[in-house]
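Student: Chains as they are written, first to last, in the numbering used here: chain A, 10 to 238; chain B, 10 to 238; chain C, 10 to 238; chain D, 10 to 238.
Just so you know, the hints here were simulated from the structure itself, not pulled from any lab data. Please note: incorrect hints may appear among the correct ones.
Note that identical chains are pooled: a pair holds if it fits in a single copy or bridges any two copies.
Capping the alpha-carbon separation at 27 Å, the derived lysine-lysine pairs in DSSO-like fashion look like this [claimed, not checked]: (1) K168 to K123; (2) K232 to K221; (3) K166 to K232; (4) K123 to K31; (5) K12 to K31; (6) K168 to K31.
Protein chains: 4
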Amino acid sequence: MAKLSFPIIIVNFKTYPESQGKRGLELSKAAERVARENGVCIAVAPQCVDIRLIAEAVDIPVFAQHLDPEAPGAQTGHLTSEAAKEAGATGSLLNHSEMRLRADIIEGAIRRAKGLGLATCVCANTPSMGAAVSAFSPTMVAVEPPELIGSGVSVSKAKPEIVRNSVLSIKKIDAGVRVLCGAGVTSGGDVAVAIKLGSEGILVASGVVKAKDPSAVLNDFAKSIWPKK
Amino acid sequence: MAKLSFPIIIVNFKTYPESQGKRGLELSKAAERVARENGVCIAVAPQCVDIRLIAEAVDIPVFAQHLDPEAPGAQTGHLTSEAAKEAGATGSLLNHSEMRLRADIIEGAIRRAKGLGLATCVCANTPSMGAAVSAFSPTMVAVEPPELIGSGVSVSKAKPEIVRNSVLSIKKIDAGVRVLCGAGVTSGGDVAVAIKLGSEGILVASGVVKAKDPSAVLNDFAKSIWPKK
Amino acid sequence: MAKLSFPIIIVNFKTYPESQGKRGLELSKAAERVARENGVCIAVAPQCVDIRLIAEAVDIPVFAQHLDPEAPGAQTGHLTSEAAKEAGATGSLLNHSEMRLRADIIEGAIRRAKGLGLATCVCANTPSMGAAVSAFSPTMVAVEPPELIGSGVSVSKAKPEIVRNSVLSIKKIDAGVRVLCGAGVTSGGDVAVAIKLGSEGILVASGVVKAKDPSAVLNDFAKSIWPKK
Amino acid sequence: MAKLSFPIIIVNFKTYPESQGKRGLELSKAAERVARENGVCIAVAPQCVDIRLIAEAVDIPVFAQHLDPEAPGAQTGHLTSEAAKEAGATGSLLNHSEMRLRADIIEGAIRRAKGLGLATCVCANTPSMGAAVSAFSPTMVAVEPPELIGSGVSVSKAKPEIVRNSVLSIKKIDAGVRVLCGAGVTSGGDVAVAIKLGSEGILVASGVVKAKDPSAVLNDFAKSIWPKK
Numbered sequence: 010m011a012k013l014s015f016p017i018i019i020v021n022f023k024t025y026p027e028s029q030g031k032r033g034l035e036l037s038k039a040a041e042r043v044a045r046e047n048g049v050c051i052a053v054a055p056q057c058v059d060i061r062l063i064a065e066a067v068d069i070p071v072f073a074q075h076l077d078p079e080a081p082g083a084q085t086g087h088l089t090s091e092a093a094k095e096a097g098a099t100g101s102l103l104n105h106s107e108m109r110l111r112a113d114i115i116e117g118a119i120r121r122a123k124g125l126g127l128a129t130c131v132c133a134n135t136p137s138m139g140a141a142v143s144a145f146s147p148t149m150v151a152v153e154p155p156e157l158i159g160s161g162v163s164v165s166k167a168k169p170e171i172v173r174n175s176v177l178s179i180k181k182i183d184a185g186v187r188v189l190c191g192a193g194v195t196s197g198g199d200v201a202v203a204i205k206l207g208s209e210g211i212l213v214a215s216g217v218v219k220a221k222d223p224s225a226v227l228n229d230f231a232k233s234i235w236p237k238k
Numbered sequence: 010m011a012k013l014s015f016p017i018i019i020v021n022f023k024t025y026p027e028s029q030g031k032r033g034l035e036l037s038k039a040a041e042r043v044a045r046e047n048g049v050c051i052a053v054a055p056q057c058v059d060i061r062l063i064a065e066a067v068d069i070p071v072f073a074q075h076l077d078p079e080a081p082g083a084q085t086g087h088l089t090s091e092a093a094k095e096a097g098a099t100g101s102l103l104n105h106s107e108m109r110l111r112a113d114i115i116e117g118a119i120r121r122a123k124g125l126g127l128a129t130c131v132c133a134n135t136p137s138m139g140a141a142v143s144a145f146s147p148t149m150v151a152v153e154p155p156e157l158i159g160s161g162v163s164v165s166k167a168k169p170e171i172v173r174n175s176v177l178s179i180k181k182i183d184a185g186v187r188v189l190c191g192a193g194v195t196s197g198g199d200v201a202v203a204i205k206l207g208s209e210g211i212l213v214a215s216g217v218v219k220a221k222d223p224s225a226v227l228n229d230f231a232k233s234i235w236p237k238k
Numbered sequence: 010m011a012k013l014s015f016p017i018i019i020v021n022f023k024t025y026p027e028s029q030g031k032r033g034l035e036l037s038k039a040a041e042r043v044a045r046e047n048g049v050c051i052a053v054a055p056q057c058v059d060i061r062l063i064a065e066a067v068d069i070p071v072f073a074q075h076l077d078p079e080a081p082g083a084q085t086g087h088l089t090s091e092a093a094k095e096a097g098a099t100g101s102l103l104n105h106s107e108m109r110l111r112a113d114i115i116e117g118a119i120r121r122a123k124g125l126g127l128a129t130c131v132c133a134n135t136p137s138m139g140a141a142v143s144a145f146s147p148t149m150v151a152v153e154p155p156e157l158i159g160s161g162v163s164v165s166k167a168k169p170e171i172v173r174n175s176v177l178s179i180k181k182i183d184a185g186v187r188v189l190c191g192a193g194v195t196s197g198g199d200v201a202v203a204i205k206l207g208s209e210g211i212l213v214a215s216g217v218v219k220a221k222d223p224s225a226v227l228n229d230f231a232k233s234i235w236p237k238k
Numbered sequence: 010m011a012k013l014s015f016p017i018i019i020v021n022f023k024t025y026p027e028s029q030g031k032r033g034l035e036l037s038k039a040a041e042r043v044a045r046e047n048g049v050c051i052a053v054a055p056q057c058v059d060i061r062l063i064a065e066a067v068d069i070p071v072f073a074q075h076l077d078p079e080a081p082g083a084q085t086g087h088l089t090s091e092a093a094k095e096a097g098a099t100g101s102l103l104n105h106s107e108m109r110l111r112a113d114i115i116e117g118a119i120r121r122a123k124g125l126g127l128a129t130c131v132c133a134n135t136p137s138m139g140a141a142v143s144a145f146s147p148t149m150v151a152v153e154p155p156e157l158i159g160s161g162v163s164v165s166k167a168k169p170e171i172v173r174n175s176v177l178s179i180k181k182i183d184a185g186v187r188v189l190c191g192a193g194v195t196s197g198g199d200v201a202v203a204i205k206l207g208s209e210g211i212l213v214a215s216g217v218v219k220a221k222d223p224s225a226v227l228n229d230f231a232k233s234i235w236p237k238k
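Just chain A, with the same shape it has in the complex:
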């Protein structure tokens, strides 16, 4: 279970064919190289069936894309924090716009993951949602306006006030929560602006996974993520 540090880049593999199974393993190795070379934390979030494959092969944090709040027992089709941890997961995304959750399930899943030492990155579709989920004290909140996801237009440039307001309102509720932003991030410039606005990392998917040269994109992101002095 590799360690988290900030700033962080989390690459959501979604269910893209380009990041499934063996291809996801190759992408994770590329992410590991870029992370090492740039001294930046890069985490990957593959489909659940691929967590162990990747966690055994690389020394970067591997996230689940979703965790259920239930304790081990008589459930079918769920993914417990215990099983994800044994498979090598460092943490999990929760409440992604493509997997929105009941409010009580978000709270329950954060609590359960935390009890096992797993990190959580809760996605929020609005700044006020970012504030709301911060009341559950997850490790991170990633603010992603759904209309920009996969758009190629980055939230940091198109709606800088969303990033700024999110940072303010989240930190006011729990200063310990790390704020990420996502949606439409495709260039180092997008990343630099996000960091300048107070974000401590980014959540990215198609911008890396669907890129012609994912390593080059990640490298560009990694070089842009340290705040300029």
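Since the structure of chain A is already known, use the hints to place chains B, C and D on it.
Tutor: Showing chains B, C and D alone in chain A's frame:
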């Protein structure tokens, strides 16, 4: 991807600690031994994160506990048939009483799995539900009255008419669908009665996973599953 | 509680402003007039809050758009069959493409409604779904390809084989189930074709509610619904 | 649309037979009498089909038990704020423990209701959930530990720290949000303690609806709700 044959015993690992990760792997190896010794098909259905671990180590069918109907693409937290197949799955349970699904999702998931050559075992809480889901032509339907799940009282002995009616109504709709029964199966006697009533296999969970000696229980099941002449 | 007869026209009011509250009441009165003049059964399905308002004012069947399967008791935000019946409902739509339900909830809601003498019209997005839900013996099944809903292109003309296959497969499973078709029905010609293909009625929404002259459209439908000799 | 004032007593009618249709109307009239005699705001939350019946007959606030966030349009089985308002609703409960909602739906439903001048009372199963939903600025938050609902053991007496912590954390996030408490409230003593702990009202269901003499219970509550000097 190991081959299916009938009669079949499917062991649902649920999210029990006794069948998670390494312990699930040991249980799968035990199932493989019993299957080989008795010439009976035994499949295991571990948590999603454990599918590849087990599928790589044993030569018996490995089932997912759930599959989503979506094609690969921009989804987060879903498990596609493609990813499950690449990880080594032979098929999947669907619509278990602990993971009930929308009717259109059952149909969609069956269609998608079938397109990739994956088997499906759809759970049904009533005989009429068994008939209903047969209209989607899954590989198997497992009829399990939810009130008997985990009860230690087997459906084949407590409610033989449920098994008999299910077989009749399912075969009438699609004679190619294999009928399993489940819920409360704990002994070879339960299995023998189920087969006598027309069932072509059983779906079992705690009766094996929570047993003091799972191998002995599986052995008892396997010896009882061939119809007596 | 007005009586049902076949052929039937069911007008789904959805949550359109044109069919809400007082405007829905006027539309229901218009439907009553057309029904009376043409000797055709026309039912309306308003939003839940409007059921009593309309059922008290007109003598045509009033349907809920959805019913929950639970018995009266400690539930919040649900609509029981008992309360819908007391408010004057004759029956309910279930599993509309805009309100898809878990398979076990479809079965449960049909059973509960039937126990109170309420009719059910279960929507099906495919012919095989039509066959599946027929195993629960609802009063009616309405087959509606979702891609044609609101399209202005009628299922009876664009995909006649869907109507024909649905009638065959539903009647094979339960000859007592009445088969309706829907999606894209806007003219008497669409209705006539639907009836010719074996349908015993139609489910319509925007084709009537959004029409410039809903009475004229309903009149056209009503005149076209009796099978030509 | 009767006006809200604080302190408030909200009576959730759930789907109890004792508060359905005509019986719900009688109960609402009793609540109106007690409200008038004691100068206390009492609101009732009947099943959706009964909103208009009751709102037309009494001059106290009538709440829906749930509202959907969608704008009027092509939805089936939903209840829009517009239709609830036209039927006479003053506001709505949201996210009751028996109707838990996705976080984004809570935010969306509050925003939509507010836009139409409808009040919202969001239920929270924990103090941190109370804090979370306050980030969406509903009119009220009602903190109800689900294990005490219907128990006859009041949250104000059994777990006073839950009420106190909720008031503190909610007011810190949005001082304009009114804090109610609920679960297990059956006597004036429970109400007095709740008010003393900082609550501005109570949410009650079986304690009133299932009482032998609901008027007497409401009267007891109303007399106990004014803070003692």
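Student: All the hints need checking, so say for each whether the structure fits it.
Tutor: Hint by hint, here is what the structure shows:
1. Taking the closest pair of Cα atoms, K168 and K123 come within 27 Å of each other only across two copies (25 Å); inside a single copy the shortest separation is 32 Å, beyond that limit.
2. For the homomeric pair K232 and K221, the shortest alpha-carbon distance inside one copy (19 Å) is at most 27 Å, but the shortest distance between copies (56 Å) is not.
3. Taking the shortest Cα distances, K166 and K232 sit within 27 Å of each other inside one copy (18 Å), while across copies they are farther apart (57 Å).
4. Taking the shortest Cα distances, K123 and K31 sit within 27 Å of each other only across copies (23 Å), while inside one copy they are farther apart (30 Å).
5. Within a single copy, K12 and K31 get their C-alpha atoms as close as 23 Å, and across copies as close as 23 Å, so both meet the 27 Å cut-off.
6. Taking the shortest Cα distances, K168 and K31 never come within 27 Å of each other, neither inside one copy (36 Å) nor across copies (42 Å).
Comparing the model with each numbered hint stated earlier shows that hint 6 is the single one that does not hold.
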